[in-house]
Amino acid sequence: MNTGYSFFLGCIMPNRYPAIESATRFVLERLGINVQEMERAGCCPAPGVFRSFNKPDWMVAAARNIAIAEANGSPLLTVCNGCFGTLFDVNHALKHDEELRKKVNEKLEKLGYHVKADGEVRHIAQVLGFDIGPSGIQQYLKRKVKLKAAIHYGCHFLRPFHLKQIDDPEDPRILEDYFEALGVESLNYRGRLLCCGAGGGVKGAHAEESMKMLLEKMEGIAESGAEAILDICPFCHLQFDGGQKILNEKYGTDFHIPVIHISQLTAFCMGENEIGMKYQVIAPEFRLEVRNPD
Amino acid sequence: MIIAFACENCAQGSANTAGVLRMKYDHRIKIVRVPCAGRVGPRQIIEALNNGADSVAIIGCCFGACHYNDGNLITLRRVKAMKRMFEELGFDPDMVNMYTARAAEGDTIVGDFEDMSAKTDAMLSKEVSNE
Amino acid sequence: MFVCHCGENIAGKLDVEEVAEFAAGLPNVEFSTDNLFMCSKQGVELLKEAVRRHKLNRTVVASCSVEQHWPTFARAVEEMGLNPHMHEQVNIREWVSWVTNDWDNATEKAKSAVAAGVKMAALKEPIETQKLDVVKKVMVIGAGVAGLRAAMDLAELGIPVVLVEKEPSIGGHMTMLNKTFPTDECPMCTLSPLLNGVANHPDIEILTLSEVSKVEGSVGNFVVEVTTKPRYVHDNCTSCGRCSEVCPVEFPNEWDMGFGMRKAIYKPYPQAIPSTFTRDKKHCIECGLCEIVCPVQAVDFSMKKEKREFNVGAIVVATGYEQYDPVEITAYHYDHPNIITQLELERMLAPTTLTKGKILRPSDGKVPESVVIIQCVGSRNDQVGNAYCTGVCCMYALKNAGIIKEHLPNTDVYICYIDIRAPGLYYEEYYKKAQEKGIIFIRGRPSNIEPDPYEEKLTVFVEDTFTGEPVEIEADMVILSAGMIAPKGFGKLGGKLGLLRAKEGFAKEYHIKMGPMRSSREGVLLAGTIQGPRDITKTVAHAGAAASAAAQILVKGFLEKRLDTAIVDKDLCIKCLACSTVCNPGAIDVDVDGYAFVNDTACKSCGTCAGACPTGAIQIRNFRDAQLKEEVIGLLEYNRLVGAAQ
Amino acid sequence: MSSSSFPNPVRVLRRGERDEEIIKALKNEGFDINACMQCGTCTASCLSGRWTALTVRKVMRKAALGDSSVLESSDIWMCTTCYNCYDRCPRDLKVTDAIIVLRNLASARGFIHKNHRKVVQILAKTGHAVPINDKIQQVRKELGLPKIPPTLAKYPEERELLAKTLFQLAPEEGDEQ
Ligand SMILES: Cc1cc2nc3c(=O)[nH]c(=O)nc-3n(C[C@H](O)[C@H](O)[C@H](O)COP(=O)(O)OP(=O)(O)OC[C@H]3O[C@@H](n4cnc5c(N)ncnc54)[C@H](O)[C@@H]3O)c2cc1C
Ligand SMILES: Cc1cc2nc3c(=O)[nH]c(=O)nc-3n(C[C@H](O)[C@H](O)[C@H](O)COP(=O)(O)OP(=O)(O)OC[C@H]3O[C@@H](n4cnc5c(N)ncnc54)[C@H](O)[C@@H]3O)c2cc1C
Ligand code: SF4
Ligand code: SF4
Ligand code: SF4
Ligand code: SF4
Ligand code: SF4
Ligand code: SF4
Ligand code: SF4
Ligand code: SF4
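Chains as they are written, first to last, in our numbering: chain R, 1 to 294; chain P, 1001 to 1131; chain G, 2001 to 2646; chain B, 3001 to 3177.
Worth flagging that the hints you see were computed from the coordinates, not collected in a lab.
The structure displayed is predicted, hence computed values, not measured ones.
C-beta atoms are modelled at their ideal positions from N, C-alpha and C, and glycine is treated no differently.
Straight-line alpha carbon distances no greater than 30 Å define the calculated DSS-like cross-link-like pairs of lysine-lysine that follow:
no., chain 1, residue 1, chain 2, residue 2
1, B, Lys3135, R, Lys278
2, B, Lys3114, R, Lys250
3, G, Lys2488, G, Lys2214
4, B, Lys3164, R, Lys55
5, G, Lys2214, G, Lys2492
6, B, Lys3027, R, Lys116
7, B, Lys3114, R, Lys212
8, R, Lys103, B, Lys3154
9, R, Lys55, B, Lys3114
10, B, Lys3024, R, Lys107
11, B, Lys3118, R, Lys55
Pulled from the structure, derived: some chain G residues nowhere near chain R, Cβ distances all over 10 Å:
no., residue
12, Glu2008
13, Glu2211
14, Pro2230
15, Leu2360
16, Lys2433
Stretch by stretch, here's where chain G covers chain P in the computed footprint (C-beta under 8 Å, at least three residues):
no., region
17, 1005-1017
18, 1024-1035
19, 1050-1060
20, 1068-1079
Produce the complete structure using the sequences and hints provided.
Now the structure itself:
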């Protein structure tokens, strides 16, 4: 298969949800995928905030990360929709626009890097959901879960569609198919494809509005009777995990639905017991239930 | 001298309208009738230049309105190729230009004519200063 | 050489006498004079007299534009026994005297024009006109209302028609409609007389289950091959329906858009013409029951595909449209049973279908309490490549919303639209009437329709752009006003006919204003929606125009063709066929030796081929390379020409 | 004439009062914002618009008219960049990107929320938008990960170089409320 990936950590995962990082490392190792560190990598940088200020700088900072992976000689792997959004878009833009590449490199070379944009940027959900796939994953599983869950795609994994072309953003199946292979019963719920309300720098600057959006999302999830929220992005993770607490305090709701990242759930099914639920804000006591393997 | 190949439809119609409206333009511009802008090929352009024209223009109908569907577009492509060739050979690409006009509006072709004169003058003065 | 004063028009701006004198000195000029009004009776007489006296074989008049008086002088020389094309017109009025400020410059410019005209005249060649016999017969392809109208109009002029329809019955989309705006008439009632008239007309031959498989020849004389699929039922079928009764196979009827059922041996709908039944080989299990039960032994499984050739003078293309398939706009979830298109609704409203004409929610047969109609589905949409407005869907949405309101007065009916397009007499009035029926109009294009996870309910997300507020509409049913697109298979037929197509897929008209019923190819006419979406009113008018354009070619019995066409010099031709790639009418064929060969009938004398030919092998008469070259030299070097030959 | 006597005066469209910079900035990024037909698909797509004052269609309209109030209001900062509108616009306008262009312009004019300024400062200081803290270092250790990830968090010199070169924000002029 593939020689390995340059593992891009980003910010939120290593600095807020390190369990996602350890789970991802565990999963990749079990899959026999070589992990190369990306020394000196920085913030992706976040598409909402930094792109808003200065698009050229945003591109240079992103290109720097891409250049680090290129020097490693392996495709870049992200576990976060935000990182995926930024790095995929910039890589795509640089790949198809020679003029832009020249301009970015001018600035980048001052920082000691050079980007060719001839590589790939991938998301862990692509690796698990497509490359390995629902049937391919079976041979690596030690157990399956018993879990009714609401799957949250987030935005930048599938959109903009004309760039990403991963699955139909209006009715995707890739995560449902994958999680069902792990034993999950995926629920259809109101607002299944809605945003979590965190992106675009809204969470940072307009927390209240961001919470209102989350409220709408959470109501749909709660109504479905989901036992957990499954996501593929540490930023959505942060929004759901920390946000439920804020909602409960502010709006008197009573949400206690644990959030599990695709890497965490996969690691659990591969036999890892410590997926770090206890470090999370909501439902730290949550234990995944095992279902008899079929 | 400027040779202006004008198609039988919109371009000549426009030149006639300009006349009827007594609009004035550069007397150096000499119109040659062709059925369609598509009729003009590299041979016509080169021959006009070889015989002393300072520049050549081809005027057809508006794009999308060619009476033979797309003769004007075909010639536009030819003109672009000629311009590239002139440039490579060290000549001024403005020696040949493609224009469109509308039969009912004399000022469309007069506008084209004015542009031709200006471009030709610019070209000639460049030549002089080069010498 | 005759130089005209046009009163003061020319003579007031330049020195006419000097020009005439200059002309006299030019090589080949026998006689030169000036005259006050060349187009006057005396002027023309002067010309004729000069031709006679000086035995002139070519004439040049320097006066006004070709358009204005070339025909006058050409006629005059023709009367003197010359070919009219031996007359050359030089325009020193519109192109010189009227547009030049300075007397001297104008005089000089006129001289150059005259010199060029004289040089050109020396090379002019006579152009013959050819009389071509035409076949007085027309093929009409497609038997929707457009094809029927065109066929009928032609047959009534005494021109025999072959009507080719790919389906088992004729009538096209109009037969599927429930009512037609703006009068809400029953379409079958309005169409039937035409359908029956065509079916029974002695001059119309109808070929159903047939498609054009080959086209050769050109205007006046096409040879068209038509392939007919077997019907497996002979024409002696009495339409008694017994076969259908016993046939064990049943499945959704295409004609009913799935809202009705049919057997494997069937007629799409009761009034279908021809009334002969059809056996659908794909679904038939070959049990043979129909064969046994048929009282007249019409069923015949051994029938084979047939090919026939027709010789026709003109072809009318009337292959209509298709409904846009909304599955592409995934945000609308068209695969959901309660989201249907307008054409499906038209069928649902028909009394012969599964719901017996009642409006019921397909998933469970409930009477809908809230229906949302969405406009511009697949039209006005750059994302799906259809930037155009269909122009019909607003009207049929108003129609169907009104019908739903009539059937179900307590049901909420919404129309979500970007703009309501209802131009023309009776149409805005129709809109107003719909408003008065209590339909709720929301100006905004819905972003998505979400099926409810728990109930048989749909949520339509839309902005009410008038209030600027996002709205959610709860709906039992959603009806998509899917636009009209070019029929999918049209590319192939268009290729056979050698037609240009617009980028949207419809057949490209010759000229949007002056020839919307002509195609890019002479002798091939366009009728109805194949040239672009339109309603029945405009379809019928367009079809009539196509019929009359087809008749124009054929009624005289011959075509007159001026042969100022392209001509190939085989010695120069290197067989590259660059000429043929630029020739729009497709007039350039290849002869047996591989040389380019011009079909005079199809050639429109544009000369684009001549511009493309690398060797100058292909030329058009009177605009040859050599002729243009002489003209250019005349214009540029007129002063050096005087006396050159003497 | 003064219009001050009216609390909500009618907007007068006068030559020369359009903010051409907005139109130019969008044009440079390849938008023909005039092609917007105001259909509202974008607004209907927008989760944010259901909870905030953001009406994407109006943003597009104001931008097309060169109405600079679009830069001053916080509406454009309510977009979560979910790309729903972008993917659905029937005129194929890259709506989300247009909002980004407007934000870039607003930032250049100093309309930056103080929290956003803080994030930039954090980035400059730590190399990350979300920096590491002691508690997380402990958790990392427990999970068998290095306490500090091998990212910029570990390389202060390179952090400084980056901070000097990128994201120099405009001064706090019209600080966004
Ligand atoms: C939902 C809906 C409602 C409408 N309601 C109204 C209304 O109320 N009033 C109104 O005025 N208009 C209405 N219209 C528009 C109307 O349907 C059209 O204007 C009209 O039917 C066009 O007729 P046509 O003959 O051009 O095309 P069609 O009806 O499509 O006929 C084309 C024929 O050509 C045949 N054909 C296609 N390809 C080939 C081929 N390659 N070889 C041989 N045959 C071929 C087809 O089978 C068909 O029979 C409505 C349209 C829709 C979609
Ligand atoms: C401002 C404007 C702009 C337009 N722009 C466009 C456009 O861009 N594209 C487009 O497609 N269409 C355009 N149109 C529409 C277009 O003008 C008409 O569709 C077209 O001219 C109609 O032609 P007609 O022959 O039916 O009528 P008319 O042009 O009105 O011709 C009728 C003729 O009949 C004569 N007549 C009237 N009564 C009598 C009588 N009792 N006896 C004898 N003679 C009589 C009149 O003098 C006239 O010459 C435009 C219309 C307007 C008003
Ligand atoms: S021939 Fe033409 S130029 Fe001469 S008088 Fe007649 S209209 Fe005038
Ligand atoms: S095929 Fe025979 S049985 Fe069937 S309808 Fe015709 S006549 Fe009747
Ligand atoms: S043979 Fe076919 S058509 Fe005839 S009855 Fe059987 S299924 Fe029906
Ligand atoms: S007719 Fe109405 S519904 Fe149809 S495309 Fe035009 S505006 Fe949209
Ligand atoms: S372009 Fe000229 S050389 Fe080539 S095939 Fe045509 S006529 Fe012959
Ligand atoms: S003159 Fe025009 S129509 Fe005739 S053969 Fe040449 S390109 Fe074709
Ligand atoms: S969806 Fe596109 S066309 Fe419609 S209002 Fe929004 S930006 Fe304008
Ligand atoms: S990208 Fe922004 S403006 Fe567009 S729908 Fe999402 S939140 Fe709204």
